[in-house]
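Enquirer: Residue-level listing of the chains:
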Amino acid sequence: MPANWTAPRTWVDLQTVNAADMNEQLRDNLLWLKGPPGLQTILAADVNTTSTSFVDVTGMSLTMTTTGGSVLIQLSALMKTPLSIAEIAEIRFMVDGVPQGIMARQRFVSPGVVEDHLHVAPSLLYPVMAAGSHTIKVQWRSVGGNAVYMLGQSVLGNWSSFRIAEVGWK
Amino acid sequence: MIDINMGPVTANVSELARELRAAIPGTSGTSSDTDGNLIVHIEADEQNTDELRSSIAAVIKAHDPAVLTREQQAKAARETAALAVRTANVTALRTGLEAKTGTVAQLQAQVAELAALVEAMRVALGLDEAPEGMG
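Chains as they are written, first to last, in this note's numbering: chain Z, 92 to 261; chain X, 268 to 402.
The calculated label-pair distances, taken between Cβ atoms and stated as ranges, are: (1) X:Ser-321 with Z:Leu-122: 54 to 60 Å; (2) Z:Val-205 with X:Ala-355: 21 to 27 Å; (3) X:Met-268 with Z:Ala-212: 24 to 30 Å; (4) Z:Arg-100 with X:Met-268: 46 to 52 Å.
Simulated from the structure, these hints should not be mistaken for lab results. Note that the Cβ used here is the ideal one computed from N, Cα and C, for glycine as well.
Could you build all of it, start to finish, from the sequences and the hints given here?
Expert: Dropping the structure here:
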């Protein structure tokens with residue numbers, strides 16, 4: 092059963108409580124607390140960008156209906172540049188089209204015969220997101236315009252994932 | 268910014284992005300999606316999409332995926348130079364120079380070989396490139 096959050100009532104003496112009240116105030120709110128809204132997406136395949144302006148990371152967009160709490164936004168990404176390419180990648184989160192500042196800036200060197208593979212994992216606690224539907228995205232750019240890569244799913248693992256969850260923290 | 272999906276393209280993406288920026292003003296670069304399509308990002312009005320798509324297609328058609336970026340060219344040069352250093356017969360060179368029995372022409376050839384070896388070492392170590400931030 093999907094759980095909905097309902098603002099807890101203030102109870103008064105001698106108030107009559109029926110099944111609907113109990114289900115709404117206790118059952119559903121407890122179910123909601125046990126499993127608050129949260130979504131995750133796993134990058135299906137490698138993607139790259141050479142864009143010097145911020146652009147969406149394909150497949151890293153989530154839309155969730157929140158109930159007015161804080162929202163934790165997390166990216167866990169394995170990134171690289173091709174051999175011999177030194178480059179800086181920047182990552183930011185977008186909440187309903189509004190950039191949240193640069194959350195990660197990673198330099199790759201990839202010298203010699205081994206590509207640099209680096210784990211980039213920015214996170215943000217967005218305080219008190221208004222109740223309703225929200226779209227949260229990951230954007231990135233290549234500072235110098237050379238290709239930077241985010242690794243997708245392979246037989247070895249789920250290299251990059253993006254998740255959002257409503258949490259009780261304020 | 269507008270995003271133009273050009274479908275699957277085989278490319279050296281760093282070099283293709285450089286070519287697109289040179290040919291089409293306002294191009295910020297490219298991205299790929301998880302299906303392998305090439306998306307070109309351009310700061311431009313939506314109304315120019317068809318014209319831009321034609322221009323992009325022309326650049327892609329002229330693009331040679333085998334052409335290396337400046338960094339990739341430098342890497343290839345370093346690898347070639349490293350191989351030359353690794354396989355150089357330094358012992359024979361030293362013996363020849365120390366023997367002092369050769370003609371002037373032979374000595375000149377030995378010095379030239381030594382100079383080439385030093386140059387190969389310089390390239391292999393990346394010392395022929397300007398230090399970072401000074402290029």
